[in-house]
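Since the structure of chain A is already known, use the hints to place chain B on it.
Residues per chain are reported as follows:
Number of protein chains: 2
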Amino acid sequence: MNPLAELETPVLLLDEARMDRNIARMQSRMDALGVRFRPHAKTSKCPAVVQRQLAAGARGITVSTLKEAERFFAAGVQDILYAVAIVPGKFDHALRLCRQGLQLTLLVESVAAAQQLSQFGAAHGQVFDVLIEVDTDGHRSGIAPGDPLLLDIAAALQGGARCKGVMTHAGSSYDLRTPEALQAMAEQERAGCVAAAQGLRAAGHACEVVSVGSTPTALSARDLAGVTEVRAGVYVFFDLVMAGVGVCTPGDIALSVLCTVIGHRPEAGWVITDGGWMAMSRDRGTARQDHDHGYGLVCDADGAPIAGLRFDSANQEHGVLQWTGYDSLPLAERFPLGAQLRIVPNHACATGAQHPAYVVLPAAGGSAPLQRWERFSGW
Amino acid sequence: MNPLAELETPVLLLDEARMDRNIARMQSRMDALGVRFRPHAKTSKCPAVVQRQLAAGARGITVSTLKEAERFFAAGVQDILYAVAIVPGKFDHALRLCRQGLQLTLLVESVAAAQQLSQFGAAHGQVFDVLIEVDTDGHRSGIAPGDPLLLDIAAALQGGARCKGVMTHAGSSYDLRTPEALQAMAEQERAGCVAAAQGLRAAGHACEVVSVGSTPTALSARDLAGVTEVRAGVYVFFDLVMAGVGVCTPGDIALSVLCTVIGHRPEAGWVITDGGWMAMSRDRGTARQDHDHGYGLVCDADGAPIAGLRFDSANQEHGVLQWTGYDSLPLAERFPLGAQLRIVPNHACATGAQHPAYVVLPAAGGSAPLQRWERFSGW
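Chain order of the listed sequences is A and B.
Residue 682 in the numbering used here sits at position 200 of the first sequence, and the numbers go up by one each step.
Residue 789 in the numbering used here sits at position 307 of the second sequence, and the numbers go up by one each step.
Excised from the complex, chain A in its bound form:
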């Protein structure tokens, strides 16, 4: 008996063997490059997944919200980097977590934030560990490596805060497609962040942490001289966007959404499922890549891609799949009512966030009961 047949769909499936392989691949690269690895837990939001990453050798984690910090600390993680620039409205929350014993590192990218955090810390008897955000690719926030503002920010971190180091994220690596371009971006990320650290050290700041990373650059870097730690998130599951970037194959992707055929529109060649955008998210991240997968890659219940069935359109709880293949069978016999399909997502972080839990496909296959790993959401 196929255990998936008993599930009420849509359901988020996690292929444990693929996840374990992805974790091992990244950790062994980081070990070989001689850097500490601090995975980004925003992808899974799941303590069971993070435990696997830590067991494989990760040291500390990265989070994108203080709720993630709170939940993972409650699950036993002691060392957490909150890698989004902090603002005064979140100081109280950060202070509570520090007082509970969490080794929390914060991020700033302005003199104003550094001053306010330092004053807040001093007023509350706390010295916050802080990284300064460095911009190495112009894609979002941070201070350019040569900008004198870096020194001003470091100088403002005194009293209730201390400058622990620098951090960058080469998010524009997601737009690249070739190993050469990815290697060049990884080197740009490394060199920029190390240069920022050297500038700070020359001005008398200890700057012990030099933190870089994104999944594409982490998997492409040839050398990480001067870097102390690397961060990456989506590698744990991978997704179609990462396959388009070229750092994984579709066969590495550990997530899929199990859905059910609920109708047909034979004259249009449409197969209707109960997996709509609520189950997939509205993320269309492959739309600007060479291969646009629509709302995801359509596979059969065993996970084998179905050539000619495209996920073109989605409503809240309806997927509309377009059959473009040739088949002598009528559509309703080729994909009968009640048949299950699996959709591989464009973006693991976005699709995961739509679901309350992962149903874990056991590594060994076979007849073990399916496990359910809860994930959390919100702020």
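Derived from the structure by calculation, the hints contain no laboratory data.
Model, not experiment: these values are computed from the prediction.
There could be a bad hint or two in this list.
Intra- or inter-copy, both count: the list cannot distinguish identical chains.
[Unchecked claim] Pairs of lysine to any residue residues, derived as SDA-like cross-links and limited to a Cα-Cα distance of at most 25 Å, are as follows: (1) K549 to R578; (2) K549 to E749; (3) K549 to Q822; (4) K549 to S859.
Chain B only, in chain A's frame:
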């Protein structure tokens, strides 16, 4: 003291006065047209919101998942239409709800589903109330009004199921822009569904329910002769897509996401916030309308739109707003670190689904403590 200033962002805000006005507007239209109104609860997924709709005169609700049916039944709603075609994998769940006393109506659009449901009901001593899905605009699923398949499906509903009526949803109304086109679509939806009912009655089926609706057609119909009930969901909050369709103004939109300025990139004209796609969803529903609002309409903390500040790009927990205005103030003084902004969403259903609760802005303003209304998610 502004009570919003105390909130840790991002947070989903609900303007209670606007919601109440939207509810009253729709209910009074339905009352004037002489039809029963059955709001679609997939938009709010919140018992407190649905209670307002019922108190205003709605009779029963519509849902898009059996989890919604279960939760709203637990909250006291007795009469629920599950308006997505049912498949065998969900029969058990539906049966459990019926046995608990819920007056549940199901939907089918194939002979296969009708037969299987009838057999399942007969085998379990249950007679399910069933509507047949009618297609009046070709946008998704359902049977065309004149298709003889309608009679076959109705005939297959016997024993453990009975044909209670017909249902259609003119989802293509979302693509329209003018009152004339919307009125024509509302009439097409009405006429097609009534014709389907008449065909079934002529063949001896009672077909007491003729259910139509979408927010745009419900607000545009001039006459609903032959229709017994109307369904609509997003009207309760409205959103930028509905404003683009022309059935509301931005001033009617009851939802917004409160976020905080966390950084700047002055040379690029960027204001960085802590409201990214996790807080807004990836829904870009206005992209194909006359006015593309990016990831949402940027307003100040009081809800007044800020001309020249566009929400062009989003990462998971970062919004990147592009300043295109002219101002003698530097960007970091115009939108200082820690300042709050409110983002009006493209699509209320999608943005709402990213949040665990609504923070309710009281109708009277003033100093009453902010209420928090929980919403649920998942399947």
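Check: Which numbered hints are broken by the structure, listed smallest first?
Finding: 2
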